[in-house]
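Visitor: For reference, the chains in residue letters:
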Amino acid sequence: MSTDSLTAGKSTRRKTSRAAKPGPQSPDGTLRRRKGLSERNRPLWMLIPGGLLMIVIIVVPLLLGIFMSGLDLDQYSLRQWVSAPFIGVQNFVEALTASPLLHAIWLSVSYSLLAMVVTIPLGIAGAVATQNAFKGRALIRSIFLIPYVLPSFVVATVWRTMFQPGSVIDSMLHSVGIDAGLWLNGPQSYWTLILVQIWASWPFVYLLALSGLQSVDHEVHEASALDGALWWNKLRYVVFPYLKGPLSLAFLIGMLHHINNFTLPFVLFGVPAPSDVELLPILTYVTSFQSFRFGLSAAMAFISLILIAIPLFIYLRAVKLDDAETPGGKK
Amino acid sequence: MSTATTAAGRRPSEDFRPGSKRQHEVTRLMPGPMLAIILTVLCALVLIPVAYIFLASVNSDIGVARGEFFPSSFSFENYSTIWSSVGLATGLANSVLVAGSTAVVSALMSIATAYVLVRYQFRGRLTILRALLGLQSVPGTLMVLPVFVLFSSSATYLGIQVIGTQWGLFLTYLTFAMPFSTWVMVTYLRGLPRELEEAARIDGASNMGVLLRIILPLSWPGVVVSGIFAFLLGWNDVLFASVMTRPESQTAAVALQVFGASQEGGAIPFYGQMMAASLVCAAPVVILYLIFQRYLVGGLTAGGVK
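Going down the list, the sequences are from chains A and B. So the first sequence is numbered by this note's numbering: it starts at 1 and just counts up by one. So the second sequence is numbered by this note's numbering: it starts at 1 and just counts up by one.
Simulated from the structure, these hints should not be mistaken for lab results. Predicted model only: the values in this text are computed from it and were never measured. Misleading hints may appear alongside valid ones.
To be verified - With a straight-line Cα cutoff of 20 Å, these simulated SDA-like cross-link-like pairs (lysine to any residue) come out:
hint : chain 1 : residue 1 : chain 2 : residue 2
1    : A       : LYS135    : B       : ALA36
2    : A       : LYS135    : B       : ARG28
3    : A       : LYS135    : B       : ILE38
4    : A       : LYS244    : A       : VAL220
5    : A       : LYS320    : B       : ARG123
Working from the sequences, and respecting the hints, build out all of it.
Guide: Set out below in structure tokens:
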């Protein structure tokens, strides 16, 4: 990941010197000749503003963060961080052995997975139910998008209010004879988090599933109608295979979002969070801005980058970067 | 608002014989009762909490604390107090300023970047495309500390105060919005025919001329989508804003979060005000979505799938 952005930065800089070498990606002559006009006078300088911004605000801080993970930084040495004592891998050792980091990784990964496991069937159900035209479908599709549209901090504030002891959820459960206990503290807070995350993110799966359903050819519908397939069999054997691509994509992106999600747990539980929901982003944040162990926090952030890199790598391999007709269009 | 097909894009099954009952039978995925159950459950799942936000915002704080769903007493007073008590007036002004300028600048920058990436061939092109996708997933918690240190160093070494001003937030949001905005524009520009540009070039248009006179007018739906996503990023962020702002430069998101956290312990929290403020913070976003729904949904799935 970091190397990726690095090379991007480097190549942006390289381009400014207008090394007008023909790209190795387009060896076939016909394609080249057609674009002969645009080959000469390429406005590569247009990449400079964006490239510069990304180098200054993403690449430099990324390197800075990696450097800081080797420093003994606290609130006193932060002002003069350049001259802070370099302590090598000690921060990493501490993060892995003497801090709740491993617990946080476990919480983050398991919560992301559990939330995905529920959002995927919900998303599919929503997509299948709104695929065929009926009166009021547009309205229902808009309604389905609401949780996705609401800002995370609003979602978290609202659920936080609803989950307060004695508040609306408790009183509803009480009226059917269930006494659920504390939602925002103690072991149950983990399930609260999953519940809210599911509520907030199933429309994303729904959207991608819908785009998958739209790729089902009409002939396929006709064929299965001719065969007299039952609706369940048709869904299971004919339609669902079309969803495999969009859904694996939804899975990967969803996992990345969940693992990186800071706002939802932060606003839902506040900091310091109960230890049952001390997720990776929360722990990193608290270590920085509550206990002021900046070096340790940088080490934690670096470890979380490695964790993120796994789904990200799969995602980047799977994604088609180019169309067939654009230059260099062979993946 | 929008017709049935908009959110979905083009559906071939409907293009054939629109409204034909036979056709409907063929493409149907599920028996009617089953469909009704699913729709009811999902709509209830979504709408009950949403309705609760409104109902609680006009309820009394004691009523909310007691767990009422339907308020026993109505009052719209909360909507007038939140502007000063939560600090929503300054918060919203800052949010609009920061997120709005982020949206405009990021849309303009991303169309230029995407234009070069789509139309020209050069070394490192694929690397940049891949980096644009990868950078979307860089965890914010990883970046917040180094960016903070970088910005505070600029005060120490260059004498430019960035922390605590809207500039710091603007620069940060702009940078983090760029990868996705550019990717949305890349997928959009790919769909534009080359012929118009080529004609313009034969007429002697420069690169800048082609971009401003041909590409920009043709791709405004894409520009709107990438601008809105940049806006949402700035509007929804809590992490950077909570670290890099002072009370006077706070965004609405931080104002609400701080207000919520300060209600802990002590007397009954101002639930009504919290809900009213939530609704006010959510309203611009929801309205934007409803207006541009057809473009946004397309942009989102294109940004993700392709």
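Visitor: The structure should be examined with respect to each hint, and the outcome stated for every one.
Guide: Here's how the hints hold up against the structure:
With a CA separation close to 12 Å, the supplied pair LYS135/A and ALA36/B stays within the 20 Å bound. Between the alpha carbons of LYS135/A and ARG28/B the distance comes to roughly 15 Å, so the proposed pair stays at or under 20 Å and holds. Restraint check: the Cα-Cα separation between LYS135/A and ILE38/B comes to about 16 Å, which is no more than 20 Å; the hinted pair holds. Restraint check: the Cα-Cα separation between LYS244/A and VAL220/A comes to about 16 Å, which is no more than 20 Å; the hinted pair holds.
For the hint linking LYS320/A to ARG123/B, the alpha-carbon distance of about 18 Å falls within 20 Å, and the restraint holds.
Figure legend: structure checked against the earlier numbered hints; every hint is met.
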